[in-house]
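K.L.:
Top to bottom, those sequences are chains G and P. FYI, the numbering for the first sequence is 11 to 458, going by this note's numbering. FYI, the numbering for the second sequence is 4 to 136, going by this note's numbering.
Derived by calculation from the structure, the hints in this document are not laboratory data. Keep in mind that the hints are not guaranteed to be accurate.
[What the hints assert, rightly or not] Examples of chain P residues toward chain G, derived with CB under 7 Å:
{"hint": "1", "residue": "GLU63"}
{"hint": "2", "residue": "ALA67"}
{"hint": "3", "residue": "VAL68"}
Please read these numbers as outputs of a predicted model, since none were measured by experiment. We put the CB at the ideal spot given by N, CA and C, even for glycine.
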Amino acid sequence: MRYLPKSPAERQEMLGALGMATVDELFTSIPEAYRLKKPLALPPSMSEAEVIEYFQNRAGENSLGYSSFLGAGVYSHLRSVITDTIIQRGEFLTSYTPYQAEISQGTLQAIFEFQTLMCQLTGQEVANASMYDGSTAATEAVLMAERLTGRTRVLVARSVHPEYREVLNTYAKNSGLQVEEIGYTEAGTVDAGQLREKLRDDVCAVLVQSPNFFGAIETLQPVADAAHASGALLVVAVAEAVSLGILKPPAEADIVAMEGQSFGLAPSYGGPYVGVLATREKFVRQMPGRLAGQTTDHDNRRGFVLTLATREQHIRREKATSNICTNQALCALAATVHLCLLGKEGLREMAGHNLAKAQFALTELEKIPGVKRRFSAPFFNEFTLQLPRSAKLVNSALLKEKIIGPYVLGTAYPELTKNAVVCVTETTTRNEIEKLARALRQSLTQPI
Amino acid sequence: MAYPTQYRYSKDHEWIEVKGDTGTIGITDYAQSELGDVVFVELPAVGSKLTAGKSFGSVESVKAVSEIYAPASGEVTEANASLITQPESINSDPHQAGWLIKVKLASPGEVNGMMDAAAYEAYIAAKQKEASA
Numbered sequence: 011m012r013y014l015p016k017s018p019a020e021r022q023e024m025l026g027a028l029g030m031a032t033v034d035e036l037f038t039s040i041p042e043a044y045r046l047k048k049p050l051a052l053p054p055s056m057s058e059a060e061v062i063e064y065f066q067n068r069a070g071e072n073s074l075g076y077s078s079f080l081g082a083g084v085y086s087h088l089r090s091v092i093t094d095t096i097i098q099r100g101e102f103l104t105s106y107t108p109y110q111a112e113i114s115q116g117t118l119q120a121i122f123e124f125q126t127l128m129c130q131l132t133g134q135e136v137a138n139a140s141m142y143d144g145s146t147a148a149t150e151a152v153l154m155a156e157r158l159t160g161r162t163r164v165l166v167a168r169s170v171h172p173e174y175r176e177v178l179n180t181y182a183k184n185s186g187l188q189v190e191e192i193g194y195t196e197a198g199t200v201d202a203g204q205l206r207e208k209l210r211d212d213v214c215a216v217l218v219q220s221p222n223f224f225g226a227i228e229t230l231q232p233v234a235d236a237a238h239a240s241g242a243l244l245v246v247a248v249a250e251a252v253s254l255g256i257l258k259p260p261a262e263a264d265i266v267a268m269e270g271q272s273f274g275l276a277p278s279y280g281g282p283y284v285g286v287l288a289t290r291e292k293f294v295r296q297m298p299g300r301l302a303g304q305t306t307d308h309d310n311r312r313g314f315v316l317t318l319a320t321r322e323q324h325i326r327r328e329k330a331t332s333n334i335c336t337n338q339a340l341c342a343l344a345a346t347v348h349l350c351l352l353g354k355e356g357l358r359e360m361a362g363h364n365l366a367k368a369q370f371a372l373t374e375l376e377k378i379p380g381v382k383r384r385f386s387a388p389f390f391n392e393f394t395l396q397l398p399r400s401a402k403l404v405n406s407a408l409l410k411e412k413i414i415g416p417y418v419l420g421t422a423y424p425e426l427t428k429n430a431v432v433c434v435t436e437t438t439t440r441n442e443i444e445k446l447a448r449a450l451r452q453s454l455t456q457p458i
Numbered sequence: 004m005a006y007p008t009q010y011r012y013s014k015d016h017e018w019i020e021v022k023g024d025t026g027t028i029g030i031t032d033y034a035q036s037e038l039g040d041v042v043f044v045e046l047p048a049v050g051s052k053l054t055a056g057k058s059f060g061s062v063e064s065v066k067a068v069s070e071i072y073a074p075a076s077g078e079v080t081e082a083n084a085s086l087i088t089q090p091e092s093i094n095s096d097p098h099q100a101g102w103l104i105k106v107k108l109a110s111p112g113e114v115n116g117m118m119d120a121a122a123y124e125a126y127i128a129a130k131q132k133e134a135s136a
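Work out the full structure, taking the sequences as your base and the hints as a guide.
P.N.:
Following this line, the structure appears as structure tokens:
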């Protein structure tokens with residue numbers, strides 16, 4: 011079967027309209043030297059049956075039976091098949107951006123409910139109709155603070171996800187935004203003294219993450235107070251959304267930037283995920299993206315429309331609040347379905363399992379000589395371990411035992427090469443935790 | 004709606020009324036009718052500097068967000084606070100209650116080159132003719 015949409019006659023007709031005889035003439039504006047004068051080096055085409063066989067064989071190469079203690083921004087959580095069943099309905103799966111409210115009520119209502127759920131979880135007043143992921147949401151939140159305050163310095167805790175910081179630095183590099191980092195304490199939380207020292211009246215935002223990259227839960231109130239006292243906004247990033255099932259919502263924040271992957275999205279190969287940006291109503295005009303709003307139609311029936319879209323790039327061009335026009339509607343829908351299935355109690359219960367299992371894991375691992383907790387602040391489902399030797403070496407040994415080990419901090423934090431962040435979720439079994447403890451103990455008795 | 008004869012008008016559809024060295028700036032009846040229902044106005048802070056021809060704020064309607072351009076240079080002395088709660092007065096009374104900002108003009112003579120009411124009416128009549136052609 012061929013999938014070429016135009017017949018040779020139609021191609022000839024189009025070329026005729028352009029006054030050309032061959033397709034090659036379309037490329038005459040490209041200098042001769044840069045034109046490829048042979049066919050692309052591609053293997054011959056395959057039939058449908060061959061393609062299926064190929065992918066089945068490749069799928070067979072996947073490794074099975076591994077236990078993972080890797081989190082660091084992406085988390086394995088239980089997902090119901092119902093979520094995929096619902097989001098794969100054609101009405102949702104193939105629908106375009108709901109510009110036309112009269113034919114998009116289902117999509118708009120789902121987005122509206124997503125926004126409502128995100129507001130309830132983050133303790134904020136408005137949440138937009140989603141961003142790409144946690145890292146871009148955090149950066150957009152900082153840019154929003156820059157617009158709101160007219161200031162151009164941002165203070166970022168080093169305990170924020172290193173990749174979130176990289177994304178921010180990429181945006182900042184050529185835009186005149188100055189990024190400065192704030193260290194962490196022995197508790198693993200942001201160094202409040204250093205923060206106060208660096209806070210001046212040119213700082214637009216303070217960006218912290220909670221639970222942070224080390225797993226430590228930040229105490230937000232003093233950070234918020236310090237930021238506000240100097241006229242800066244507090245941006246709180248949340249990488250593990252399930253933590254909000256049990257932690258107090260970050261209502262102290264002016265803007266919350268969250269990764270929503272934990273709500274019903276499989277870890278996959280790093281995406282697609284869904285970013286959340288929630289804020290106070292008074293800042294809504296500088297919020298990137300759009301909102302779905304509830305209204306009534308001509309006959310007084312409840313209905314939903316896109317609102318605030320006038321500030322997006324397709325209308326405002328270079329004056330837009332963001333260059334992200336697209337959102338992650340399908341992933342946001344998955345998060346909405348997932349949360350509705352779990353319910354308020356279910357999410358709390360899930361979060362409780364994460365907390366309890368992580369505590370159990372720490373207790374088991376601390377029994378191993380030379381292994382101890384690195385930071386003293388309370389944690390949710392991730393904690394940082396101090397190991398007696400290079401965490402990278404330890405992980406290689408664990409991998410041989412079919413254990414994907416904790417996140418090695420040395421690359422992003424050269425001072426923490428003997429430290430690693432262990433992640434335990436509700437999907438981790440007691441057996442797996444005990445297996446990790448045994449394998450770790452064993453690996454540390456081996457000579458390096 | 005009549006265009007006040009003592010005002011001066013820009014090609015970007017702003018009006019300015021000059022008294023001494025103070026200019027009051029708004030958008031014209033034509034501009035508001037093109038925008039539709041205004042829902043939000045973004046105005047500069049008192050003390051900020053305006054440069055003739057440069058954007059100093061925006062007017063958001065249900066359809067679009069439009070920049071507002073300074074017809075003359077100067078410093079903002081007052082912004083119309085009533086527009087925060089009643090942006091619709093830009094639609095109902097664009098030339099009076101719907102004023103946007105007051106400015107201490109750098110050079111009051113700068114507005115002399117702008118259109119008067121008659122010239123502006125001819126300008127928008129030509130625009131409308133063009134649009135319907």
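K.L.:
Evaluate each hint against the coordinates.
P.N.:
Here is what the structure says about each hint:
1. Taking 7 Å as the C-beta cut-off, the interface hint given for GLU63 of chain P holds, the closest approach to chain G being about 6 Å.
2. For ALA67 of chain P, the interface hint holds, since its Cβ comes within 7 Å of a Cβ in chain G; the closest pair sits about 5 Å apart.
3. The restraint placing VAL68 of chain P at the interface with chain G holds, with a minimum CB-CB distance near 5 Å, inside the 7 Å limit.
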